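The residues making up each chain are set out below.
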Amino acid sequence: MDWSLILTNALTAMVGLDTVIFALAAIGLNVHFGYTGLLNFGQAAFLAVAGYGLAISVAEFELPTLVGVAVGLLGAVVLALLLGAPTLRLRADYLAIVTIAAAEIVRLLFRSVSLSEYTGGSDGLGRFAEGFYSINPLGPGEYGLGPLEFDERQTWVLSVGWTLIGLSCLLVFLLMRSPWGRVLKAIREDEDAVRSLGKNVFSYKLQSLVLGGVLGCLAGFMTAWGRAVVQPDNFSTDTTFYAYTIVILGGAARVFGPVVGAAIFWALLSLTDNILTQAKSAGYISDSILTTFQIGQVRIMLVGLGLMALMIFRPQGLFGDRRELALDAR
Amino acid sequence: MRHAVRAVIGGLLAALCVLLLPGAAVAAGETVQGRLQNAGEALEGVTITVATVDGQSVGEAVTDAEGAFVIPVPEAGDYVVTLDEETLPERVAIREGRSASITLPVAVDQQRSVLFPLGEGTRNVQSDLDRLPQLAVEGLNFGLIIALAAVGLSLIYGTTGLVNFAHGELITLGALLAYLFNVTMGIQLVPAALLAVVASALLGGVQDRVLWRPLRKKGTGLIAMLVVTIGLALFLRGLFLYQFGGSTAPYDDYQGQTGYDLGPVTIAPKDLISMGICIVMLLAVAYALLRTRIGKATRAVSDNPALAASSGIDVERVISTVWVAGAGLAGLAGILLALAQQVSFQLGFQILLLVFAGVTLGGLGTAFGALVGSLVVGIFTQVSTIFVPTELKNAGALAILILILLVRPQGILGRAERVG
Amino acid sequence: MPAEPAVPTASLTPRKDAALRAFAGVEAVPGSSKPDPILVADGVTRRFGGLTAVDVGHVEIQRGSITALIGPNGAGKSTFFNLLTGFDTPDDGTWTFNGQSLAGVPSHKVARRGMVRTFQLTKALSRLTVMQNMLLGATGQRGENFWRAILPMTWRKQEQENTARAEELLARFKLDKKRDDFAGTMSGGQRKLLEMARALMVGPEMVMLDEPMAGVNPALTQSLLGHVKALREDGMTVLFVEHDMDMVRDISDWVLVMAQGRVIAEGPPDAIMADEAVIDAYLGGHHDAPLDEAQEQEQLAAAEAELREQEGDR
Numbered sequence: 076m077d078w079s080l081i082l083t084n085a086l087t088a089m090v091g092l093d094t095v096i097f098a099l100a101a102i103g104l105n106v107h108f109g110y111t112g113l114l115n116f117g118q119a120a121f122l123a124v125a126g127y128g129l130a131i132s133v134a135e136f137e138l139p140t141l142v143g144v145a146v147g148l149l150g151a152v153v154l155a156l157l158l159g160a161p162t163l164r165l166r167a168d169y170l171a172i173v174t175i176a177a178a179e180i181v182r183l184l185f186r187s188v189s190l191s192e193y194t195g196g197s198d199g200l201g202r203f204a205e206g207f208y209s210i211n212p213l214g215p216g217e218y219g220l221g222p223l224e225f226d227e228r229q230t231w232v233l234s235v236g237w238t239l240i241g242l243s244c245l246l247v248f249l250l251m252r253s254p255w256g257r258v259l260k261a262i263r264e265d266e267d268a269v270r271s272l273g274k275n276v277f278s279y280k281l282q283s284l285v286l287g288g289v290l291g292c293l294a295g296f297m298t299a300w301g302r303a304v305v306q307p308d309n310f311s312t313d314t315t316f317y318a319y320t321i322v323i324l325g326g327a328a329r330v331f332g333p334v335v336g337a338a339i340f341w342a343l344l345s346l347t348d349n350i351l352t353q354a355k356s357a358g359y360i361s362d363s364i365l366t367t368f369q370i371g372q373v374r375i376m377l378v379g380l381g382l383m384a385l386m387i388f389r390p391q392g393l394f395g396d397r398r399e400l401a402l403d404a405r
Numbered sequence: 054m055r056h057a058v059r060a061v062i063g064g065l066l067a068a069l070c071v072l073l074l075p076g077a078a079v080a081a082g083e084t085v086q087g088r089l090q091n092a093g094e095a096l097e098g099v100t101i102t103v104a105t106v107d108g109q110s111v112g113e114a115v116t117d118a119e120g121a122f123v124i125p126v127p128e129a130g131d132y133v134v135t136l137d138e139e140t141l142p143e144r145v146a147i148r149e150g151r152s153a154s155i156t157l158p159v160a161v162d163q164q165r166s167v168l169f170p171l172g173e174g175t176r177n178v179q180s181d182l183d184r185l186p187q188l189a190v191e192g193l194n195f196g197l198i199i200a201l202a203a204v205g206l207s208l209i210y211g212t213t214g215l216v217n218f219a220h221g222e223l224i225t226l227g228a229l230l231a232y233l234f235n236v237t238m239g240i241q242l243v244p245a246a247l248l249a250v251v252a253s254a255l256l257g258g259v260q261d262r263v264l265w266r267p268l269r270k271k272g273t274g275l276i277a278m279l280v281v282t283i284g285l286a287l288f289l290r291g292l293f294l295y296q297f298g299g300s301t302a303p304y305d306d307y308q309g310q311t312g313y314d315l316g317p318v319t320i321a322p323k324d325l326i327s328m329g330i331c332i333v334m335l336l337a338v339a340y341a342l343l344r345t346r347i348g349k350a351t352r353a354v355s356d357n358p359a360l361a362a363s364s365g366i367d368v369e370r371v372i373s374t375v376w377v378a379g380a381g382l383a384g385l386a387g388i389l390l391a392l393a394q395q396v397s398f399q400l401g402f403q404i405l406l407l408v409f410a411g412v413t414l415g416g417l418g419t420a421f422g423a424l425v426g427s428l429v430v431g432i433f434t435q436v437s438t439i440f441v442p443t444e445l446k447n448a449g450a451l452a453i454l455i456l457i458l459l460v461r462p463q464g465i466l467g468r469a470e471r472v473g
Numbered sequence: 108m109p110a111e112p113a114v115p116t117a118s119l120t121p122r123k124d125a126a127l128r129a130f131a132g133v134e135a136v137p138g139s140s141k142p143d144p145i146l147v148a149d150g151v152t153r154r155f156g157g158l159t160a161v162d163v164g165h166v167e168i169q170r171g172s173i174t175a176l177i178g179p180n181g182a183g184k185s186t187f188f189n190l191l192t193g194f195d196t197p198d199d200g201t202w203t204f205n206g207q208s209l210a211g212v213p214s215h216k217v218a219r220r221g222m223v224r225t226f227q228l229t230k231a232l233s234r235l236t237v238m239q240n241m242l243l244g245a246t247g248q249r250g251e252n253f254w255r256a257i258l259p260m261t262w263r264k265q266e267q268e269n270t271a272r273a274e275e276l277l278a279r280f281k282l283d284k285k286r287d288d289f290a291g292t293m294s295g296g297q298r299k300l301l302e303m304a305r306a307l308m309v310g311p312e313m314v315m316l317d318e319p320m321a322g323v324n325p326a327l328t329q330s331l332l333g334h335v336k337a338l339r340e341d342g343m344t345v346l347f348v349e350h351d352m353d354m355v356r357d358i359s360d361w362v363l364v365m366a367q368g369r370v371i372a373e374g375p376p377d378a379i380m381a382d383e384a385v386i387d388a389y390l391g392g393h394h395d396a397p398l399d400e401a402q403e404q405e406q407l408a409a410a411e412a413e414l415r416e417q418e419g420d421r
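Protein chains in written order, with our numbering: chain R, 76 to 405; chain C, 54 to 473; chain V, 108 to 421.
A portion of the hints provided could be inaccurate.
To be verified - A few chain R residues facing chain C, derived, Cβ under 10 Å:
| hint | residue |
| --- | --- |
| 1 | L245 |
| 2 | I323 |
| 3 | S356 |
| 4 | I360 |
| 5 | R374 |
| 6 | L380 |
Said to hold, decoys possible - Keeping only pairs whose Cα atoms sit at most 20 Å apart, straight-line, the calculated SDA-like set for lysine to any residue is:
| hint | chain 1 | residue 1 | chain 2 | residue 2 |
| --- | --- | --- | --- | --- |
| 7 | R | K260 | V | G138 |
| 8 | R | K355 | R | I339 |
| 9 | R | K260 | V | F253 |
| 10 | C | K349 | C | L336 |
| 11 | R | K260 | V | N252 |
These are calculated hints, taken from the structure and not from any lab test.
Computed from a prediction, not measured in an experiment: that's the story for all the values here.
Backbone N, C-alpha and C define an ideal beta-carbon position, used for all residues, glycine too.
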């Protein structure tokens with residue numbers, strides 16, 4: 076067993092593309108779920124709309140990358156308004172059902188054969204990321220960070236990604252210590268009380284939905300650029316579920332919670348993956364128990380078990396404060 | 054408490070480890086997939102095989118009712134995908150001069166689609182209106198199956214407030230257990246299905262006893278429990294994939310039946326029987342709810358648990374019963390669904406949203422609403438294929454759900470919430 | 108009685124005196140007109156299924172007074188409160204506040220116009236600190252706008268002013284030591300106090316208190332009473348729902364009695380307590396101790412279940 080390789084891979088995963096994408100998606104979800112108490116189960120749709128908005132604009136209509144980004148952002152805002160305007164006046168579980176249904180509709184539409192002229196169907200779209208990579212200031216070569224090494228494209232993607240994460244966290248930090256953020260947190264506790272104090276609860280919930288959606292949309296851009304291809308199945312409901320796991324892992328309603336959660340989440344997955352793979356090739360695990368192909372399934376099971384265990388034993392997240400949670404009325 | 058929860062997770066693992074099936078091995082993400090259609094009509098029952106370029110077979114699948122197939126491949130690389138022309142319907146063929154084998158590369162984590170060049174000019178000439186009765190009957194069949202699953206989901210929501218995202222896995226469990234008894238153990242499908250339903254029901258009761266009841270006692274919030282159901286769903290789906298593999302497989306019995314011609318409608322005997330079973334079961338549930346003591350108690354608990362408890366109803370017993378019945382019904386739904394399509398590890402997950410749509414459409418927490426809502430969803434899903442492409446029919450049903458919620462938030466049969 | 112500087116214990120303060128004089132010429136019949144009404148309701152009705160919960164003909168609330176709204180359980184008091192404050196929508200009826208119609212005005216705008224309510228079951232925002240609860244009440248906050256929220260310099264000064272005002276109020280309600288505690292850690296009585304103090308942060312003209320004494324430790328009752336009286340001394344109008352007759356007699360200038368959704372009597376407290384119709388309505392079926400919220404819910408649910416059972420049999 077090559078432990079140094081296993082650890083290097085885990086470290087790489089902590090700063091890698093998946094961590095970047097899911098940290099951004101979870102930062103947005105944290106605004107919804109952690110701060111405002113909105114049950115958005117369609118975060119994947121915001122990623123999809125952004126990723127496809129960018130890809131279709133650039134690949135099909137040959138528009139500049141910046142216009143593609145604008146289209147993606149606009150798409151996320153419109154989606155948030157469409158989802159929120161009708162449902163945010165209803166009971167909380169309705170938002171959950173409508174968002175999860177909407178996310179599935181979005182995925183099926185992008186997947187559909189009828190629209191494949193624009194979306195590429197289930198194969199998805201490529202040939203749109205060159206504009207992003209052409210402004211890479213780094214020359215060809217390997218760039219290292221301690222034991223980690225990335226080529227110039229990966230380094231560029233990750234630099235942009237982590238910059239976006241930094242900016243997003245700063246934005247959430249500034250907003251959540253402002254009176255605006257105070258209203259959101261109050262809505263999470265009891266929206267009638269907030270209403271009785273003269274605040275337009277509906278408007279704040281909608282603002283929260285838009286803000287979290289736009290942050291999620293950054294994750295969509297990073298998915299598109301990082302993989303240089305957008306595929307409908309990158310934006311399945313499981314993406315949203317993983318983001319929930321990450322929010323809860325890092326601790327809901329904490330500024331850096333989603334980032335820490337994402338890093339730990341992907342490091343753990345990398346560790347299990349690598350340890351099992353190496354144990355297999357070293358012959359420690361026989362095929363009757365686990366074939367190489369089944370390692371991925373063990374991963375999914377671990378995510379599920381982890382999410383259950385967290386919610387039951389440490390719902391405040393790994394670093395949360397249990398006392399605060401004891402006050403949770405929900 | 055913690056002990057109990059650990060016990061459940063262990064118990065679930067143990068209970069499901071009996072599902073040691075010789076399923077195909079699957080990699081984390083890479084698949085070869087596609088959808089066979091000819092002139093807009095899905096082609097069911099066509100065999101597709103995948104082999105490595107040096108001829109080593111990797112997987113095989115038969116297209117489902119929607120003409121879809123998914124074959125997982127072990128890793129990124131080049132593969133040869135072959136369509137078995139023998140299994141194509143008579144009026145369809147591979148286009149002249151084209152091959153039934155396609156070689157293509159699969160990238161890491163890619164879900165690679167394959168398009169076979171199927172025969173042009175062999176259009177079917179049925180008009181839209183002629184398809185209506187056929188689609189309506191298919192929709193009714195589908196809607197009844199959804200209703201079986203939805204009634205359980207709705208009763209569990211009504212009595213405990215739990216929004217159970219793991220309900221789809223109860224559906225899959227029934228189908229997989231029946232597969233275990235039928236295919237692996239060689240029991241005829243009817244007794245196998247009976248065994249599977251009983252086992253599903255028992256496992257439902259066990260699930261409530263070792264997981265949900267302790268959480269309720271602990272006072273865990275409903276949203277926290279909802280997140281727990283998501284974790285459970287992920288875990289079980291992973292487990293099913295681990296045990297069963299990623300391919301689809303039919304039961305041993307009642308395959309390839311010739312349909313009865315009933316005027317404008319052709320229907321296979323197994324579908325007729327399936328509809329009969331659904332109707333009998335749903336009537337039984339209705340009778341139980343309206344006329345038996347436990348059924349009346351269930352409705353009372355749904356209305357107001359505190360009041361029900363204070364008037365001497367054993368709420369926990371009602372909830373246990375609801376879990377046993379709900380899981381049994383979901384298992385039966387899974388078996389019937391797998392009979393119409395095929396068994397797969399995500400059979401239930403794929404229809405979960407439609408089940409939710411049925412429940413919500415009818416009005417959250419009302420069992421009869423769930424029944425009506427599910428029939429609407431099932432029929433709409435099938436009939437809508439006249440207007441929308443087949444692959445978008447589920448999207449259409451979900452869109453209708455959203456639209457109806459906007460107009461009538463309490464659902465078709467739900468009553469308006471009292472404010473204040 | 109503990110020392111309450113702002114509230115003289117003597118029964119007659121200038122404001123009390125003014126309120127009593129205003130009521131001097133008012134006829135003690137349901138719907139009587141007041142010299143200077145702040146709130147006027149006409150024909151407000153609300154039905155749940157076949158049940159008419161509220162059916163109020165004409166009601167006026169005198170400005171600067173403390174008016175009590177009493178009545179047996181299920182009389183529709185809380186529903187009437189919800190209707191007036193925009194938390195529920197009536198089937199019919201109009202009502203004006205300061206001469207402006209409030210029908211169809213959403214609850215948050217009602218509050219902004221100066222009519223602020225509290226709730227029977229306190230709604231302290233558990234995972235916010237006491238100070239954050241207070242600051243939430245302040246109106247016209249620049250920092251509650253999304254864009255300005257990002258730039259603290261645009262709202263910091265206002266926040267400091269609001270904090271100072273909140274600290275004064277907390278001191279008056281003897282909650283200043285709890286300033287940085289989570290509201291969820293406080294006792295029921297303290298939450299009631301916090302809710303009242305928070306409502307005052309809005310700067311209301313009229314305060315609607317839904318059972319301010321329910322679930323409060325008797326030791327705190329006197330101080331709460333003092334605070335309610337102090338609201339009038341500060342020039343506010345108070346309308347409150349209460350069960351406790353002694354308390355009603357002690358602090359109210361005028362009493363409205365509701366039964367079965369209607370206002371059946373109104374008048375000065377002493378006259379109302381002696382009114383035969385009121386005693387009948389009040390003591391009719393509910394002679395015993397007032398029901399709490401859960402029991403009330405149960406009764407409603409039982410009635411509904413009965414109704415549905417009948418429908419089902421048909």
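Quick check: which numbered hints come out false for this structure? Checked against the structure, the hints that fail are numbers 1, 3, 4, 7, 8, while the rest are satisfied.
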